[in-house]
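Peer 1: Below, each chain spelled out in residue letters.
Number of protein chains: 2
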Amino acid sequence: MSKSAWIKSVKGLLIDISGVLHEAGTDHAMFGAIEALTKLRQAKVPYLLCTNETSLDSRSFITKLNDLGLNVTMDDIQAPAPLTCRYLKDNNLRPFLLIRPELRADFEGLNENDPNAVVIGDAVDAFSFENLNKAFRLLIGNPQCEFIAMGRTKYYQKNGELVLDLGVYVAALECAVEREAKVIGKPAKEYFHTALRKLHLESNQVAMVGDDILSDIGGAQKAGLRGVLVRSGKYRAERDENHATVKPDLICNNLLEFVNMILT
Amino acid sequence: MSKSAWIKSVKGLLIDISGVLHEAGTDHAMFGAIEALTKLRQAKVPYLLCTNETSLDSRSFITKLNDLGLNVTMDDIQAPAPLTCRYLKDNNLRPFLLIRPELRADFEGLNENDPNAVVIGDAVDAFSFENLNKAFRLLIGNPQCEFIAMGRTKYYQKNGELVLDLGVYVAALECAVEREAKVIGKPAKEYFHTALRKLHLESNQVAMVGDDILSDIGGAQKAGLRGVLVRSGKYRAERDENHATVKPDLICNNLLEFVNMILT
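Protein sequence lines correspond, in order, to chains P and R. Quick note on my numbering: the first sequence kicks off at 333 and runs consecutively. Quick note on my numbering: the second sequence kicks off at 333 and runs consecutively.
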């Protein structure tokens, strides 16, 4: 299918938040983000904000996005923490939560005694030597202990500076215990398929727009969606425009540029 | 060559320290360690203590080993920190040292301003989120910045408990910046070959005795030496006796058992 043909065939969007709608550490939406979402709503193009954000619980995160003028509700967002909490409850798991305190509200009502699951979020300063050892000992001491990663993102951009994300700590633990984490979040195929069910669309009708070549673009493409990379956030031309393993279906300057393409 | 034939042909030994001669956090030598070294000296079998220890500078480390009754000198030991310091000086490198304060004496006389090399040791609590980000930004911001790991050991045993070692943090950074660290220490081939030159022996005349299936046994075998695993330290029967990738040439209960085999 030609590029213009698939762009015209897009019926819905999955949209990454950090690096696309705003940049961590700043207090304003990114160029064109508010206009792009407004145009999608007016044109009745369904979309879902698909984030790997684990820095804030859902309620606080939505308040923050609305303070930026993005006008979103709980139904507009898919984030890994509520999905993980549901999975833990459904499987009677008692987690050791390696997360920052600001995320705890998304994990209410769980028994955290005698853990039989390790859950890794973007823990920031909680990624201490002590906490990483605690996770390691739970996993190596009990092969039945579940190992859950809320994403695989390696780093993100905050206030113009790159910051390590949970993915590298997940890699560290995988290296130590020689087994793979179950990912709840991008780039897991199931995360994309859950989002498609919410949009009532098929994978070939939907494009994912993001700034992470691996989690957003690579993950979406493996799940059967189109992947559109934006030139913002952690995007770096020298690395992402000729990536060794992932080739975006399209590269745009920002979300608005792509929304204008599908709406004209 | 039959097992008894190669054991008889061993002319020298490389001996790991932690998990073989003593266990971290304890104040005594391991069973048979003192007797084994005494027998080697009496029989004039050359040996070198080949450690990846980066928890103490060389001088303090030797004092500690002698306090355990092991009777060793500087010439008996090969450790990664002095080799790394030499490499940094020879190449005019200005390191960011991610190490614990107790190792700093091995890196005296280096310029640490405006780093163009990242050096990772067993930094313990210094493996903070902040320090790992500092290393990450140096490496991702400058592809010429050297990335040096003083070993790849994943974990060790201390006071009966497993503790994460530098190897998993090296893996985390390798994952983040998508390039491989240069290893100065086991399992790097060059580290074993440096030790052989000190013993004036060829690789097929020497056996490495250690408790780390990957760094000691796997590394030695790749460098052409025999690898003898001991059942102490971090050794675990279920994992190491049928390891997926490494098969020791011999497994002994301890160093003394192997020394008795080569001396009879």
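Hints may contain errors.
[Stated by the list, open to error] Label-pair ranges, simulated between beta-carbon atoms:
(1) P/K579 x R/R563: 46 to 52 Å
(2) P/G441 x R/F461: 48 to 54 Å
(3) R/E440 x P/G441: 53 to 59 Å
(4) R/S460 x P/R568: 45 to 51 Å
(5) R/E440 x P/P433: 50 to 56 Å
(6) P/K530 x R/K490: 44 to 50 Å
(7) P/R571 x R/H360: 47 to 53 Å
(8) R/T358 x P/G441: 52 to 58 Å
(9) P/T526 x R/T358: 49 to 55 Å
(10) R/F461 x P/R571: 47 to 53 Å
[Claimed, not checked] The list that follows gives simulated cross-link-like pairs (lysine-lysine, DSS-like), each with its CA atoms no further than 25 Å apart:
(11) P/K490 x P/K335
(12) R/K466 x P/K490
(13) P/K466 x R/K421
If you're looking for bench data, these hints aren't it; they were derived computationally from the structure. Every residue gets a Cβ at the ideal spot worked out from N, C-alpha and C, and that includes glycine.
Peer 1: Could you run down the list of hints and mark each one as holding or not?
Peer 2: Here's how the hints hold up against the structure:
no., hint, result
1, P/K579 x R/R563: 46 to 52 Å, "50 Å, holds"
2, P/G441 x R/F461: 48 to 54 Å, "28 Å, violated"
3, R/E440 x P/G441: 53 to 59 Å, "55 Å, holds"
4, R/S460 x P/R568: 45 to 51 Å, "26 Å, violated"
5, R/E440 x P/P433: 50 to 56 Å, "41 Å, violated"
6, P/K530 x R/K490: 44 to 50 Å, "48 Å, holds"
7, P/R571 x R/H360: 47 to 53 Å, "52 Å, holds"
8, R/T358 x P/G441: 52 to 58 Å, "43 Å, violated"
9, P/T526 x R/T358: 49 to 55 Å, "50 Å, holds"
10, R/F461 x P/R571: 47 to 53 Å, "23 Å, violated"
11, P/K490 x P/K335, "33 Å, violated"
12, R/K466 x P/K490, "14 Å, holds"
13, P/K466 x R/K421, "38 Å, violated"
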